[in-house]
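Engineer: The listed protein sequences correspond, in order, to chains A and B.
Taking this note's numbering, the leading residue of the first sequence gets 72, the next gets one more, and so forth.
Taking this note's numbering, the leading residue of the second sequence gets 1044, the next gets one more, and so forth.
Rather than coming from a laboratory, the hints here were simulated on the basis of the structure.
All values reported here derive from a predicted model rather than from experimental measurement.
Even glycine gets a Cβ: it sits at the ideal position worked out from N, Cα and C.
Among the clues, some could well be false.
Taking lysine-lysine and the DSBU-like style, the derived pairs with C-alpha atoms no more than 35 angstroms apart in a straight line are [what the hints assert, rightly or not]: (1) B:LYS1048 / A:LYS99; (2) A:LYS342 / A:LYS205; (3) B:LYS1045 / A:LYS212; (4) A:LYS99 / B:LYS1045; (5) A:LYS297 / A:LYS427; (6) B:LYS1048 / A:LYS359.
Computed footprint of chain B on chain A; a stretch qualifies when at least three of its residues, placed anywhere within it, have a C-beta under 8 angstroms from a C-beta of chain B [claimed, not checked]: (7) 92 to 104; (8) 121 to 129; (9) 401 to 414.
Here's a subset of chain B near chain A, in silico, CB distances under 7 angstroms, partners left out [as the list claims (entries may be wrong)]: (10) MET1044; (11) LEU1046; (12) LEU1050; (13) ILE1054; (14) VAL1058; (15) ALA1060.
Here are the chains, one letter per residue:
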Amino acid sequence: MSKIFSSISCNLDEDILSAALPLFETEKVEAIEWSFDTLFKFGNIPDWFIELLQTFGKENRLIGHGVYFSLFSGRWSKQQQGWLTHLEKVSAAFQFDHISEHFGFMTGKNFHDGAPISIPFTANTLAIGRDRLKRIYHSCKCPVGLENLAFSYSLEEVKKHGEFLDELVEPVNGFIILDLHNLYCQVHNFNIEFDDLIRLFPLHRVREIHVSGGSWEESGIIPGKKIRRDTHDDAVPEEVFRLLEACMPMCPYLKYVVLEQLGNGLDTEHKRKLFRCDFIKLDAIVKKEKNLRRLTGENTFLPSKNIIPVQPPEDKLLHVQQLTLSNILETAANYSHAVHLLQSSILSNSDWETEKWDVFMLETAIAIAQKWKHGFN
Amino acid sequence: MKLSKSLLNAILVAVTAGTIISCQKPKVDDGKKPGTEKSKKSGVPVSCPACGMG
């Protein structure tokens, strides 16, 4: 029987580490997930943080989670090549058990600006995504996976997301991170039953589950409509823990359950205490499941071969469409302005099907893009 | 998982001495040039958001 590790997302952040320290002291944390591409302004990582990463790495309990690769950017960029070079270096320095990235493309004009937004599910985007995953594998030489995105333009897109993820990772025999709070967002935003939604995901590919909190936002367009957003700045809702209990038996290759929270949600001792309570709750669910878990066959999540073309495939039209969409989302004064700009842009009557986008999700996309357009402090 | 006492002490010292910062907040467009007081501190590592940008 394979072990499932109760894990935390652990980055070089004062509040995260303050919250996690008592859990480390009591040996509760069984694995850590490090976003290896988020430290980029300074080359020197403190020795103690390196030791922390190496300690977990030596036990095959360190997993890497990228944020800024922008998997579906239509144009191959120098920054993406640099990201791969960085991955190769950190993979040589630290022993990752697997590497994952986010679904979507980054809206920002500059690397490390913007936020991930979805793309049309087409043959072209599939080819680009598959190529980029092969390049990630080539750099890290360990299992590669993708996380389901919280944001979707429409219910139709939500229903196709799992199948598209399956097709994307298939050539690298990759895995899926099932982010339960992202699914929770979609259940609420699109009024879909969780039982119906979960069946649309390739659960045999789930190697990792994310558990986190988020926030509610009132729609300014639809009175009474509350939008659930994946902001990772609050405690985990009870419902998400129930989803964890329900999902674990459905995922035969599950290895990591990770509690994620941003440092800005851990800026008081009370919030840090809630974080630790959430982890204890998560750990209890994981331990309970371990006893009931079915024996399953092995899946290494490694490809039998990995051939990549010298030139990364690009899609110039997709690139221009992405720039156009990013510009509209980042600069629109309001929802009506964004609709007007979309209707008169190259995105109109295209694969993006902007005409089918839900009102409140376009409103949310504007909020996300404008929140992160200047990056972070 | 068990961590060495020296490592735990090093983490404790780092979080109490303020040699690392919490900076996972979106940059507010205040008309100022990029960079904040915290991020300008020499040698202070800056970590950007890992996730939660939805």
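Engineer: Hint by hint, say whether it matches the structure.
Structural biologist: Each hint, compared with the structure:
1. B:LYS1048 / A:LYS99: 15 angstroms, holds
2. A:LYS342 / A:LYS205: Status violated; Cα separation ~39 angstroms.
3. B:LYS1045 / A:LYS212: Distance ~27 angstroms between LYS1045 (chain B) and LYS212 (chain A) Cα, so the pair holds.
4. A:LYS99 / B:LYS1045: 8 angstroms, holds
5. A:LYS297 / A:LYS427: With Cα atoms ~20 angstroms apart, LYS297 (chain A) and LYS427 (chain A) stay inside 35 angstroms; holds.
6. B:LYS1048 / A:LYS359: Between LYS1048 (chain B) and LYS359 (chain A) the Cα gap is close to 30 angstroms, so the pair holds against 35 angstroms.
7. 92 to 104: holds (count 7)
8. 121 to 129: It holds, with 4 qualifying residues against the three required.
9. 401 to 414: violated (count 0)
10. MET1044: MET1044 (chain B) check passes; min Cβ-Cβ to chain A is 6 angstroms, inside 7 angstroms.
11. LEU1046: Holds, about 5 angstroms.
12. LEU1050: With a closest approach of 5 angstroms, the LEU1050 (chain B) hint holds.
13. ILE1054: Where the cut-off is 7 angstroms and the nearest Cβ of chain A is about 6 angstroms from ILE1054 (chain B), the hint holds.
14. VAL1058: Holds, about 5 angstroms.
15. ALA1060: 10 angstroms, violated
Hint check: violations occur at hints 2, 9, 15; the rest are consistent with the structure.
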